[in-house]
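Undergrad: Here is what each chain is made of, one letter per residue.
6 protein chains.
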Amino acid sequence: MRIDGRRNDQGRHIKITRHYTKYAEGSVLIETGDTKVICTASVEDRVPPFLKGKNEGWITCEYNMLPRATQSRKVREISRGKIDGRNMEIQRLIGRALRSVVDLKALGEKTIWIDCDVIQADGGTRTASISGAFVALVDAVNRLHKRSPFKIYPVRNFVSAVSVGIVNKVKMLDLCYVEDSRAQVDMNIVMTDTGKFIEIQGTGEQYPFSRDDLNELLAMSEKGIKNMIQSQKDSLKMDCLWIGTGESDEKVNNSK
Amino acid sequence: MRIDGRRNDQGRHIKITRHYTKYAEGSVLIETGDTKVICTASVEDRVPPFLKGKNEGWITCEYNMLPRATQSRKVREISRGKIDGRNMEIQRLIGRALRSVVDLKALGEKTIWIDCDVIQADGGTRTASISGAFVALVDAVNRLHKRSPFKIYPVRNFVSAVSVGIVNKVKMLDLCYVEDSRAQVDMNIVMTDTGKFIEIQGTGEQYPFSRDDLNELLAMSEKGIKNMIQSQKDSLKMDCLWIGTGESDEKVNNSK
Amino acid sequence: MRIDGRRNDQGRHIKITRHYTKYAEGSVLIETGDTKVICTASVEDRVPPFLKGKNEGWITCEYNMLPRATQSRKVREISRGKIDGRNMEIQRLIGRALRSVVDLKALGEKTIWIDCDVIQADGGTRTASISGAFVALVDAVNRLHKRSPFKIYPVRNFVSAVSVGIVNKVKMLDLCYVEDSRAQVDMNIVMTDTGKFIEIQGTGEQYPFSRDDLNELLAMSEKGIKNMIQSQKDSLKMDCLWIGTGESDEKVNNSK
Amino acid sequence: MRIDGRRNDQGRHIKITRHYTKYAEGSVLIETGDTKVICTASVEDRVPPFLKGKNEGWITCEYNMLPRATQSRKVREISRGKIDGRNMEIQRLIGRALRSVVDLKALGEKTIWIDCDVIQADGGTRTASISGAFVALVDAVNRLHKRSPFKIYPVRNFVSAVSVGIVNKVKMLDLCYVEDSRAQVDMNIVMTDTGKFIEIQGTGEQYPFSRDDLNELLAMSEKGIKNMIQSQKDSLKMDCLWIGTGESDEKVNNSK
Amino acid sequence: MRIDGRRNDQGRHIKITRHYTKYAEGSVLIETGDTKVICTASVEDRVPPFLKGKNEGWITCEYNMLPRATQSRKVREISRGKIDGRNMEIQRLIGRALRSVVDLKALGEKTIWIDCDVIQADGGTRTASISGAFVALVDAVNRLHKRSPFKIYPVRNFVSAVSVGIVNKVKMLDLCYVEDSRAQVDMNIVMTDTGKFIEIQGTGEQYPFSRDDLNELLAMSEKGIKNMIQSQKDSLKMDCLWIGTGESDEKVNNSK
Amino acid sequence: MRIDGRRNDQGRHIKITRHYTKYAEGSVLIETGDTKVICTASVEDRVPPFLKGKNEGWITCEYNMLPRATQSRKVREISRGKIDGRNMEIQRLIGRALRSVVDLKALGEKTIWIDCDVIQADGGTRTASISGAFVALVDAVNRLHKRSPFKIYPVRNFVSAVSVGIVNKVKMLDLCYVEDSRAQVDMNIVMTDTGKFIEIQGTGEQYPFSRDDLNELLAMSEKGIKNMIQSQKDSLKMDCLWIGTGESDEKVNNSK
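Chains as they are written, first to last, in UniProt numbering: chain V, 1 to 256; chain U, 1 to 256; chain E, 1 to 256; chain B, 1 to 256; chain P, 1 to 256; chain G, 1 to 256.
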C-alpha cells in the first residue's frame with residue numbers, strides 16, 4: 001500500500017476552483033492532494049515579434065513556486081540572479097501542451113499568458129499546472145468569445161496531464177513528493193480527450209525501463225487522464241460546450 | 001461617501017487565516033477587502049555573514065506579487081532581469097517593522113525569512129503584509145519555543161500597519177486601489193500595541209501637506225492600527241500569550 | 001555636547017558650489033560638513049514610454065556612492081551584479097521630492113535626469129542630495145528658459161531636506177555618520193519653502209517613538225529646512241527669481 | 001523519398017573522431033550527416049556542494065551552439081544576458097542520460113564536466129551530443145582507470161540517442177533540420193545497449209499521436225540506436241572492453 | 001633553443017581551411033601550431049543604431065573559447081553571469097583590425113559579424129583570430145560582390161597579426177602557451193601588407209623594456225606578418241584579386 | 001595651432017591634489033586640463049583566491065565615469081546591466097601599469113584596490129588615471145610603511161602615462177576630447193622614470209602608420225612622461241623618498 005493509503009492506480013483528490021482571483025481573464029486554483037497551483041490566463045492584444053503580421057495568436061507560460069511552497073525554503077530566481085533550469089523546462093512544456101489544443105489562427109493576433117504559481121508543492125506540480133491552466137485558458141477564451149464571437153471557436157480539445165512512475169519497482173499513478181523523490185522511473189503524460197498523446201516525457205535515470213514497463217505505465221496514465229478531464233468538465237459545466245465545435249483534433253498547424 | 005460605501009475613517013474587512021500552507025513554520029493568508037497576501041515565516045539555523053559570531057538572530061523579508069495580482073499583468077522580476085525598486089523598498093520596510101518588536105539576541109543565531117507574496121492587490125499590500133507577517137512570525141517563534149523554550153521570549157510587542165491618505169482633499173483610512181491611485185497624500189504607519197510609532201512614511205508628491213493635515217492623518221491611523229491588532233489577537237488567541245513576557249517595549253538594541 | 005561640538009538643534013556647515021563640472025546643464029557640489037555630493041541635472045528631449053504623447057515632462061534620479069566614499073570600501077553595484085536596495089530607495093525619494101515642486105506639464109516633453117554621486121559620506125547623504133539636486137535642477141531649467149522661455153515657469157517652490165533623529169534618547173538635527181549609526185530613531189524630512197511637507201520618513205527600528213517625540217523632531221527639522229533653503233537662495237541669487245512665478249504651491253497633478 | 005535521398009528508417013552517416021582536441025581527458029567530434037558537435041569530458045577532483053562527503057561522483061553537462069552553427073546567426077547567451085531555455089533543457093537531458101549508465105559511487109568524489117558545443121547544426125544535435133559525449137566520457141574514465149584502477153569500473157552500459165518523428169504523416173528516423181522544422185511529432189529516444197529506455201521525450205504539439213504511432217516510432221528508434229551504438233563500439237575498439245564489467249544494468253541508485 | 005625546437009624568429013606552422021562550416025558567408029579554421037580557431041563572417045542587412053542613415057557598414061567581432069580549449073576547464077561566461085574582461089578586450093581589437101582595412105562606406109548599410117571561437121588554445125589566439133577572420137571576411141565580401149558587384153570593392157588591404165615577446169630575456173616570434181605564460185614582455189602587432197601598423201599592443205608588466213628592445217621586437221614581427229599574409233594569399237588564391245582595387249591604403253575615414 | 005592654443009608637443013596643465021577625500025588610504029584628484037579623475041587606493045588585508053598562500057600581494061583597479069562626466073549623459077553600467085567593454089579594458093591597463101612598478105612579494109598578503117572615477121572627461125582619462133593612481137598608491141603604501149615598516153619598500157619606480165596621436169596627419173601630445181575624437185592614430189604610453197616602457201597601445205584604425213610615425217610619436221611621449229613624473233614628484237615631495245630604495249627596476253616577477 002502507498003504512503004497515503006492509495007491503490008497504485010489511484011490518483012489523488014482533485015479540486016478545481018474557478019474565478020479564484022478577480023483580475024485575470026481566467027483564474028483557477030487547482031488542488032491535487034496537497035499540491036496547490038494558482039493558474040491564471042491573461043489576454044494581451046498583441047503577439048511576440050516572430051508572429052507579427054502572421055494573423056495568428058500565441059500562448060506562452062511562466063511557471064514558478066513560492067519560496068516556501070516546498071519543505072525547505074527555495075531561494076527566489078531573482079535573488080539567485082538566474083532562471084531555474086527546471087522551471088524553464090516546465091513552462092515550455094505547459095506552453096506546448098496548451099498550444100497543441102488551440103487553433104492559433106482562429107484565436108487571431110492575441111497572446112494568452114499563462115501563469116502557474118505553485119503555492120504548495122507535493123509532487124505533480126507540472127501536471128496539475130497543465131490541467132488547471134487549461135480551465136483558466138477556456139475561461140479566458142470564453143470571455144473573448146462572449147464579447148466578440150470567434151468565427152471558429154479556437155479550443156479544439158480538452159488537454160490534461162498526469163504523472164506515473166516506478167517506485168521500488170512498483171508502478172504507480174500520480175506520485176506525491178515522497179514517492180517522486182524515490183522514483184526510479186518518472187513519467188509525465190499529456191493527453192487530449194480523444195486519447196491521443198501530446199507529450200510523453202519519461203526518465204529512467206535510476207532504472208532503465210523496458211517496452212513492457214512503458215506499456216503498463218501508459219495504460220495507468222490513461223486512467224488518470226480520464227479522471228482529470230472529467231474534473232475539468234465538472235468544473236467548467238456549460239462553459240465547455242464550445243470546445244471542439246471549431247475543428248477536429250487532427251489539425252495540421254504549419255507554424256513553428 | 002467612498003467608492004465601496006465606507007466612511008472615511010473606516011477600514012476594510014480583515015480576515016486572517018493561519019496555517020494556510022503546510023510546510024512553513026508560520027503561514028498566513030491575510031485579506032483586507034480584496035487585497036490578499038500569503039505571508040510565510042521560515043526558520044533557518046544560521047545568520048547572514050555580518051552577524052556571524054554575534055549571538056544574535058535576524059529577520060529578513062522578501063515581497064513580491066504574482067504577475068496577475070494586478071489589473072494588468074506585470075512582468076516578473078526575473079523576466080525583466082532586475083529587481084523592482086518598489087518591491088525592494090517594501091521588503092526593507094517589512095523587515096524593519098518586524099525586527100523592531102523582536103529581541104534578536106533572545107532569538108539567538110537564527111534567521112527568520114518572511115515571504116510576502118501578493119495574490120490579489122487592491123491597495124494596502126505593504127501594510128497588509130506587515131500585519132499578516134507578524135502573525136506568521138509569532139507562529140514560527142512559537143514553534144521554536146515549544147520545541148526548546150527561549151530563556152527570554154523574543155517577541156515583545158504586537159506590530160501592525162495601516163495606510164491613510166488624502167484623496168480629493170478628503171482624509172481617508174485604508175485606501176483601496178482606486179483611491180490610492182488618485183491620492184494626493186499617501187501615508188503608511190507602522191505601530192505597536194503600546195501606541196508607539198515604528199515607521200511613518202508619508203508622501204505628498206501631488207500635494208504638500210501641513211502639520212494639521214499630518215495630525216489628522218495620524219489620529220485616523222491609530223484607529224486603524226487598533227482594529228488590526230485586535231484582528232491579530234483574535235486570530236492568534238492563546239498563541240499570543242507569551243508576547244511581551246520577555247522584556248519591555250523600550251528596548252535599546254545597539255546592533256545595526 | 002555632540003561629537004563635533006554642535007548643539008543638538010544645530011546643523012552642519014553648508015557649502016553649495018554651482019557649475020562644478022562643465023558639461024551638465026546643472027552641476028552642483030553640495031557639502032554639509034564632511035558629506036560631499038556631486039549633483040548634476042541633464043536635460044533629454046524625450047520622455048519615458050509611460051508619458052509619451054501626454055505633453056508632460058519627467059524628472060528621475062540616480063543615486064550612487066563612489067566605492068571609497070565610505071570608511072570601508074563598498075563593492076560597486078555592477079561588480080555585485082545587482083542594484084543596492086538602499087540606493088534604489090534613495091533615488092526614488094529624490095525623484096519624488098523634486099517632482100513635487102515642478103509643474104511637469106509646464107516643463108513639456110522633456111526628461112531631467114538627476115545624478116547624485118556621493119564622493120564622501122558622513123551621514124545625511126540623501127538629504128544633501130535633495131537639497132543640492134534642487135539647485136542643479138533650477139540651473140538646468142533656467143538654461144532651458146533662457147533659450148526659449150516657458151509659458152509657465154515650471155519650478156513652483158524651493159524644496160530642501162534634513163535629517164533628525166534620536167541618539168541615546170537625545171533629539172538631534174542633521175546627524176553625522178557616527179550619530180546616525182547609533183540612532184534609535186532616524187527621520188528624513190522633505191519640505192517646501194512654504195513650510196509644507198513633501199515627505200516624512202521616520203524609522204524607530206531600535207526605539208518605538210511617541211507622538212510627542214515626533215512633534216519635537218518635526219519642530220527641529222523645520223529649523224534645519226529654513227537654514228538649507230536660505231543656503232540655496234544665497235547660492236542661486238538672482239537665478240531663483242522665477243521660482244514660484246508660474247503657479248501656486250497647492251497644485252493638484254493627476255498624473256501618477 | 002526524403003529530401004536527402006534516405007529511406008524513412010535510415011539514419012545519416014555517422015563519424016566519430018576521438019582525441020579531437022588535446023587538453024580534455026576525453027574529446028570527440030561526432031558528425032551525423034551535416035550535424036557536427038565537439039564533445040569533451042573534463043575531470044575535476046571535487047563534487048558539487050549537495051554531494052559533499054557522500055563519497056559519490058557527479059556528471060554534469062553544458063550544451064551550446066556556436067553563433068553561426070545555424071542558418072541565421074544566433075545571438076550568444078552572454079550577449080542576450082540570459083540562458084537559452086532550449087539549451088538548458090538539452091544539457092539537463094544529456095547529464096541525465098550519461099549519469100544513468102555510470103555507477104557514481106564507483107566513480108568516487110569526482111565531477112566529470114561534459115561540454116557539447118555544436119559547430120554545425122542540421123537537426124539532431126541533442127541526440128548526437130549524447131552519443132558523442134558517451135565516447136568522450138569513456139575516454140576520460142579510462143584515463144582515470146589507467147592512472148589508478150577503479151575497484152568497480154564505473155561505466156555499466158553503452159548509451160546512445162536518436163530522433164524519430166512524423167513529417168507530413170510519414171514516420172522517419174534521424175530527422176535533418178528541414179524535416180525537423182516541419183515535423184508534426186518530434187521524439188528523442190535515449191537507450192542502453194540492453195535495449196532499455198533511459199529517456200523518451202515525444203511532443204505532438206502539431207499533431208496528437210496515438211498508441212500505434214508511438215509503437216511504430218519506438219520500433220524505428222531501436223534500429224537507429226543499434227546503429228549508433230555500433231559506431232561507438234567501432235570507434236572505441238579495445239577501449240570499451242571494461243564497460244559493464246563492474247555491475248549489471250539493473251542498478252538502483254538511491255541518490256537524487 | 002625553444003621548447004618546440006623553433007628558432008627564436010621562427011613562427012609555427014600555419015594552416016588555413018576555408019569553407020569549414022556550411023552556413024556562414026565566410027567560414028575558416030585557422031591553425032597556428034596547436035592553436036585552432038573557427039572564424040566565421042556573417043552578413044546582416046542592417047547596421048547598429050549609431051550608424052543608421054549614414055550609408056555606411058559596420059564590422060563587429062565576438063571572441064570566445066570553448067570551455068576545454070585550455071589546459072584546465074574554464075567556466076563559460078554565461079555561467080559566471082558576466083563577460084570576461086580579456087575576451088572583451090580581444091574582440092574589440094579584432095573588430096578594429098578588420099575595420100581598418102575595409103572601406104565601410106563602400107560596404108554600404110550592412111553589418112558583418114565576425115565570430116572567433118577558439119577550439120584549442122596554445123598561445124596567440126587573438127593574432128590567429130585576426131589573421132583567420134580576415135580570410136572569412138574576404139569570403140563573405142566576395143559572396144556579396146558576386147551577387148551584386150560593389151561600385152568600390154570594400155577590402156583595401158590584407159591585414160594580419162602576430163605575437164612577439166621576451167622570455168627569459170630572449171626575444172621570440174609567435175609565442176606558444178608555455179612561452180607566453182613566462183613572458184616578461186608580450187606584444188601583439190597588427191599590420192597591413194603595405195608594412196604599416198594598425199595596432200601595437202605591448203606590455204612589460206614583468207619587465208619594463210627599452211626603445212632598443214622595442215625595435216628588435218618590431219623587426220621580428222614584420223617577418224612573422226609577411227609569412228602570415230603569404231598564407232592568407234595561398235589560401236584565398238584567385239579570390240583575393242579584388243583586394244586593393246577599390247582605393248589606396250591611405251584612407252581617411254572620418255567616421256568613429 | 002591646436003584648438004586650445006597649445007603647441008603640438010605641449011601637454012596640458014597638470015594639477016595633483018592629495019588627500020582629496022578623507023577615508024581612503026590614498027586619495028588624489030588629478031586634473032590634466034579639463035579632465036578630472038578621483039583616484040583612491042584602498043588597502044584590504046587579504047588577496048584574491050588565485051594568490052592565497054603565495055605570500056604575495058595584489059593590485060587591482062576599477063575605472064568608471066560619472067554619468068555626466070561627458071558631453072551627453074552616459075547610462076550607468078548597472079542600468080544597462082552589463083560592464084562597458086571600454087571601462088574594462090582601461091581598468092585592466094591601469095592595474096597592469098601599477099603592478100609593474102611594485103614588488104608584490106615585498107607588499108605581502110594585501111590587496112590594494114585602485115578606484116578611478118572620472119568626474120569630468122576631456123580626453124586622456126586613462127592616462128590621467130594611471131598617473132594619479134600612482135600617487136594614491138604611494139600614499140597608501142606609505143601609510144602601511146609608517147605603521148609597520150616593510151623589509152623591502154615595495155614601490156620600485158615611478159610610473160606615468162600620456163597619450164599621443166595623429167590628427168589631420170599632425171602628431172600631437174596629450175589629446176583633448178575634440179582632438180581625440182578626430183584622431184587617425186591614437187596611442188597611450190606607460191613609462192617608468194628610468195625611461196622604459198611598461199605599455200604601448202597604439203591604434204591606427206583610421207590610418208595605418210609607419211615605423212617613422214611610431215618613432216616620432218614615441219619621442220613626443222617621452223617628453224610628456226617626464227613632465228608628468230615631475231608633477232608626481234612635486235606633489236609627493238618628501239613622501240617619495242623611499243621609492244626605488246627596495247630593489248632595482250629590472251625585476252623579474254615570475255608570478256602571472
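Please note: incorrect hints may appear among the correct ones.
Just so you know, same-sequence chains aren't split out, so a pair can sit in one copy or run between any two.
As the list claims (entries may be wrong) - For lysine-lysine, the following BS3-like pairs were computed, each having C-alpha atoms within a straight-line distance of at most 27 Å: (1) K171 x K196; (2) K226 x K54; (3) K171 x K110; (4) K15 x K196; (5) K105 x K223; (6) K196 x K74; (7) K237 x K54; (8) K54 x K233.
Bear in mind the hints are in silico, worked out from the structure with no lab data behind them.
Undergrad: Against each hint, give a clear statement of whether it holds in the structure.
TA: Results of checking the hints against the structure:
1. Taking the shortest alpha-carbon separations for K171 and K196, both the intra-copy value of 21 Å and the inter-copy value of 17 Å come in at or below 27 Å.
2. For a Cα distance limit of 27 Å, the shortest separation of K226 from K54 qualifies neither inside one copy, at 35 Å, nor across copies, at 42 Å.
3. For the homomeric pair K171 and K110, neither the shortest alpha-carbon distance inside one copy (42 Å) nor that between copies (33 Å) is at most 27 Å.
4. Proximity of K15 to K196 under the C-alpha cut-off of 27 Å is restricted to the intra-copy arrangement: shortest distance 24 Å within a copy versus 37 Å between copies.
5. With identical chains, the CA atoms of K105 and K223 are never at most 27 Å apart, being 32 Å at best within one copy and 38 Å at best between copies.
6. Taking CA atoms no more than 27 Å apart as the test, K196 paired with K74 passes in neither setting, with 36 Å inside one copy and 35 Å between copies.
7. For the homomeric pair K237 and K54, neither the shortest alpha-carbon distance inside one copy (34 Å) nor that between copies (46 Å) is at most 27 Å.
8. With identical chains, the CA atoms of K54 and K233 are never at most 27 Å apart, being 33 Å at best within one copy and 47 Å at best between copies.
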